[in-house]
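Spelled out, the chains give:
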Amino acid sequence: MSTTEEEVVEEVQTDAVREAIAKAFADELGDGFIEQHVRPGSDLWIRIAPASWVAAASFARDKLGMTWLDFVSAIDWMPSPFGREMDAEQDWGAEGRENEAQEMTTGLAGGDTRFQMFMRLYSTEEHIGVTIKADVANDSPAIDTLIPVFAGASWHEREVAEMFGINIVGHPDLRVLYLPTGFEGNPLRKDYPLVSRRVKPWPGIVDVENMPGDGDDEDEAEATA
Amino acid sequence: MALNPPYWVDTLTKIGIGLVAVLLPTGALVYMFLFKMMSFMQSRLGPMETGPHGGLQLLAEFGKFLQKEDIFPSKADRFVFAAAPFVVLVSTFLLVLVLPGGPDTHFVDLNTGIYFALAVSSVSVIGILMAGWGSNSKYSLLGGIRAAGQLIAYELPLVLSVVGVVIMAETLNLKGIVAAQADFGLWFIIPQFIGFFIFMVAVQAELTQPPFDMPVAESELVTGYLTEYSGIRFLLFFIGEFATAAVFSAIAATLFLGGWTIPFVDANAEIMDYIGPLVLAAKMIFVAFLIFWFRITYPRFREDQLQRLAWKFLIPLSLLNIVVTAIFKVAL
Amino acid sequence: MADITADLDITNEEQLRYIAGQAADARVNIELETEGMTLNIGPQHPATHGTLRIVARLDGEKVIEAEPIMGYMHRGYEKLTEVRTYPQVTTLINRIDWVGSFANEVPFILAAEELMDVEAPPRAQYIRTALFEMGRIANIMLFLGDMPVQLGGVTAIFYAFRDREFVLNQIESATGGRFHPNFNRIGGVKDDLPAGWIKETKSAMQKVRDFCDEIEDLVMGNEIFQTRCRGVGIIPPDIAMAYGLSGANLRGSGVDWDLRRDADSPLAWKDLDWKVWTHPDGDSFSRFWVRLQETREASYMVEQLLDGLPAGPIMAKVPRIIKVPAGESYVQTENPLGAMGYYVISQGELTPFRVKIRTASFSNMSISPWLLEGVYVPDIATILASLYFILGDIDR
Numbered sequence: 001m002s003t004t005e006e007e008v009v010e011e012v013q014t015d016a017v018r019e020a021i022a023k024a025f026a027d028e029l030g031d032g033f034i035e036q037h038v039r040p041g042s043d044l045w046i047r048i049a050p051a052s053w054v055a056a057a058s059f060a061r062d063k064l065g066m067t068w069l070d071f072v073s074a075i076d077w078m079p080s081p082f083g084r085e086m087d088a089e090q091d092w093g094a095e096g097r098e099n100e101a102q103e104m105t106t107g108l109a110g111g112d113t114r115f116q117m118f119m120r121l122y123s124t125e126e127h128i129g130v131t132i133k134a135d136v137a138n139d140s141p142a143i144d145t146l147i148p149v150f151a152g153a154s155w156h157e158r159e160v161a162e163m164f165g166i167n168i169v170g171h172p173d174l175r176v177l178y179l180p181t182g183f184e185g186n187p188l189r190k191d192y193p194l195v196s197r198r199v200k201p202w203p204g205i206v207d208v209e210n211m212p213g214d215g216d217d218e219d220e221a222e223a224t225a
Numbered sequence: 001m002a003l004n005p006p007y008w009v010d011t012l013t014k015i016g017i018g019l020v021a022v023l024l025p026t027g028a029l030v031y032m033f034l035f036k037m038m039s040f041m042q043s044r045l046g047p048m049e050t051g052p053h054g055g056l057q058l059l060a061e062f063g064k065f066l067q068k069e070d071i072f073p074s075k076a077d078r079f080v081f082a083a084a085p086f087v088v089l090v091s092t093f094l095l096v097l098v099l100p101g102g103p104d105t106h107f108v109d110l111n112t113g114i115y116f117a118l119a120v121s122s123v124s125v126i127g128i129l130m131a132g133w134g135s136n137s138k139y140s141l142l143g144g145i146r147a148a149g150q151l152i153a154y155e156l157p158l159v160l161s162v163v164g165v166v167i168m169a170e171t172l173n174l175k176g177i178v179a180a181q182a183d184f185g186l187w188f189i190i191p192q193f194i195g196f197f198i199f200m201v202a203v204q205a206e207l208t209q210p211p212f213d214m215p216v217a218e219s220e221l222v223t224g225y226l227t228e229y230s231g232i233r234f235l236l237f238f239i240g241e242f243a244t245a246a247v248f249s250a251i252a253a254t255l256f257l258g259g260w261t262i263p264f265v266d267a268n269a270e271i272m273d274y275i276g277p278l279v280l281a282a283k284m285i286f287v288a289f290l291i292f293w294f295r296i297t298y299p300r301f302r303e304d305q306l307q308r309l310a311w312k313f314l315i316p317l318s319l320l321n322i323v324v325t326a327i328f329k330v331a332l
Numbered sequence: 001m002a003d004i005t006a007d008l009d010i011t012n013e014e015q016l017r018y019i020a021g022q023a024a025d026a027r028v029n030i031e032l033e034t035e036g037m038t039l040n041i042g043p044q045h046p047a048t049h050g051t052l053r054i055v056a057r058l059d060g061e062k063v064i065e066a067e068p069i070m071g072y073m074h075r076g077y078e079k080l081t082e083v084r085t086y087p088q089v090t091t092l093i094n095r096i097d098w099v100g101s102f103a104n105e106v107p108f109i110l111a112a113e114e115l116m117d118v119e120a121p122p123r124a125q126y127i128r129t130a131l132f133e134m135g136r137i138a139n140i141m142l143f144l145g146d147m148p149v150q151l152g153g154v155t156a157i158f159y160a161f162r163d164r165e166f167v168l169n170q171i172e173s174a175t176g177g178r179f180h181p182n183f184n185r186i187g188g189v190k191d192d193l194p195a196g197w198i199k200e201t202k203s204a205m206q207k208v209r210d211f212c213d214e215i216e217d218l219v220m221g222n223e224i225f226q227t228r229c230r231g232v233g234i235i236p237p238d239i240a241m242a243y244g245l246s247g248a249n250l251r252g253s254g255v256d257w258d259l260r261r262d263a264d265s266p267l268a269w270k271d272l273d274w275k276v277w278t279h280p281d282g283d284s285f286s287r288f289w290v291r292l293q294e295t296r297e298a299s300y301m302v303e304q305l306l307d308g309l310p311a312g313p314i315m316a317k318v319p320r321i322i323k324v325p326a327g328e329s330y331v332q333t334e335n336p337l338g339a340m341g342y343y344v345i346s347q348g349e350l351t352p353f354r355v356k357i358r359t360a361s362f363s364n365m366s367i368s369p370w371l372l373e374g375v376y377v378p379d380i381a382t383i384l385a386s387l388y389f390i391l392g393d394i395d396r
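Chains as they are written, first to last, in my numbering: chain C, 1 to 225; chain G, 1 to 332; chain P, 1 to 396.
The set of hints was computed from the structure by calculation and includes no laboratory data.
Worth double-checking, as some hints may not be accurate.
[Unchecked claim] Computed Cβ-Cβ distance ranges for the label pairs, DEER-style:
id	chain 1	residue 1	chain 2	residue 2	range
1	C	V199	P	R95	17 to 23 Å
2	P	M73	C	V199	21 to 27 Å
3	C	G65	P	P280	18 to 24 Å
4	C	T181	G	S74	21 to 27 Å
5	C	G65	G	P73	56 to 62 Å
[As the list claims (entries may be wrong)] In silico DMTMM-like cross-links for lysine to aspartate or glutamate, where the CA-CA straight-line distance does not exceed 25 Å:
id	chain 1	residue 1	chain 2	residue 2
6	C	K200	P	E78
7	G	K14	G	E270
8	G	K36	P	E214
9	P	K79	C	D139
All C-beta atoms, glycine included, are put in the ideal place defined by N, C-alpha and C.
Next up, chain C with everything else stripped away, as it sits in the complex (with noise of 0.2 Å):
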């Protein structure tokens, strides 16, 4: 990444490359851009409104030269009422965590609902991506599809579908890609458990090793070739 001018001053860094490019989708979705988050140097991630989930595609390939499809895939942002702390006391049950309120939390740049789209674009030529994120709705989830922009988003989009029961409107063909046919549930959903671990539950951390130089062996890093 050459191009990026980076003024490292004590903890500010800047991208200009990056907010520039969160600038561009911002003007060209206009209220359809709801956030964006830059890591310096490193990657951009971008929010935007399901209904601009196209748009934003095809503003990408088009106009910014990402003509790389990375993947599409979802997010369960509902945290695990089964738990996942690896606490062996606490077994949560088959039903899980039904008397505790668990409070969810988005990553970055947001997010509002439980379920969430994102995608990745890539130019190959500048190097550089975005991740674009797009909440979609809690009860009957549904997004358009992408094929028309990116042909190869096809196989993607049925896997969001059979595993978190996301309905792409417009997709040609939307069977199960992983699942056998007439499987019954969304196996990513943060709900749907995971049977071998309620069978047998964690039995926590039980052998960690020792970290490489620890105890007598602080010569370690001498070892010859």
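Place chains G and P on chain C using the hints.
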């Protein structure tokens, strides 16, 4: 030989020797080339356990195939399915009839020797089609049809490449061809090197060996027309494939490499009646070595490329060969 | 009915007979119309790299449409990562592309390190890069032997496996595992290199180069191989981009993009002197050609890395029990199969919140319905072999 045995003794002896003459080289070829040479070329050892250096592997394979269940695919045409391997084998055994082993050693002395041989070798196409159709499976059908197209296409170069030899020898009789090579002083491979090349390519295709093994393309069709065969029937096909290779190699040796003659030894000597078959066997093994060497090395042609090679390259080349041979024959 | 014969000068009876005749012809045409045979290749099949099923509708020897059906090996990695600690996830993701071994772990570890703001020391980065490239060599050598087998030339694969053993032995002696090294840790690598490893690895790299020369002669120079591969399965670069193809598939279509050179990675690629290989044709032969050159290039890179191996610690200071701070990070590296990336979402706990695994073969295979239309049946094997996927990479 001066004996005059009764006809039935004569026939039975010939049948016995014929069986041995086909099966023994087949076994030798399978062991030497398929098991050992292929393994060595692929940087591995091949069968080593059964007998010294895997020598009894053939016996073990034979026993294994014998004791397998005789499976018929459901809804297969039983008669066609069962008869197919025999049709292929019959053509092979008929082929060996015309091979001369010495000045007086032969099964049958046919004046249309090579013509009969080439005609009879085409009967195996029917057997392969029967196998493909009778298996009641899409893979097999596809393999059988590919095989039929290929075998018919390569019949022509096979026949045309022999015509050059026939012109030079002035006879269709295989004994006459061997005698002509002895008279000419040079084995026909030298003046007829183009014919030899075309004959070898055509033989490779007739045997459905790589690079012409589309009908049994393992990576696509499992084993093509052979897919549904198991046990003794599969063994019969397998024997048929290698026996045909052996017999065609012997025919090539007869046509191009001087048959049972050795240079500097009188072709009509009595001793050749006994040594002749051994000489022929040695030459057959050499030609079979060429066939298997190509089989191991080359990837396979696609069906349309295969057909294009036959029709647009080999047939014109063999026609050219005939014309040039005829010109030389008349001029010299 | 009257419209059909309006302009013909015939009586009513003749009219009816004419129409009946036309209808009879139409019936016969419909009955004789053949739709094409549906051929099911796999999931158990000698050709496919694992349990992949391809349903092809054929018209004689031509494919009308072909579609891969996956999921026979779907192991649910993305769900599993939500209940595994970060070191446990490393063990898990080794098994995604099981021939590329070490290369699977690296993007995930780099993503976690980015979130933790930890940088592995230079020696560890060099060791990681060396093992990464050796994983690439092992992976592509399998391809170089396997593609001729798909085409019918059975000998090359034995040479490939024989020479691959040298590389795998070296990976094993350093990490303890031939296929699943599980050697990366957040902050560095697990152990230092054993004594004598550098010298042995260099001789193994020489054997790799000898193998590449042999394959260039035996396979690439073979006329039949060229006839089968040239002009088959041409992928135009813009279509390739729309489908997200990566790695040698993209470079074989002339796109000059390699994440080792173009992405800002903490691994040691920027210190090396190497070249990115591309080929303009975009057919199966060019993909094979690019991979062969890359293998040779990788062997030179390993030697450079081992020559310039810095001394120092192999592990940065990280706590024993790893809790990655909250955040999101996406790291993509140029894996042997293509561009593999991990999008790690962490909420400050022992386990990740969500890991999206972007695998190269998934995108590489997504082009196959488009690519397999109208080709001959034998070309299915050629094209799929040249796209080179590992089923664990597609199915995760």
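Among all the numbered hints in the text so far, which are the ones the structure does not match? none
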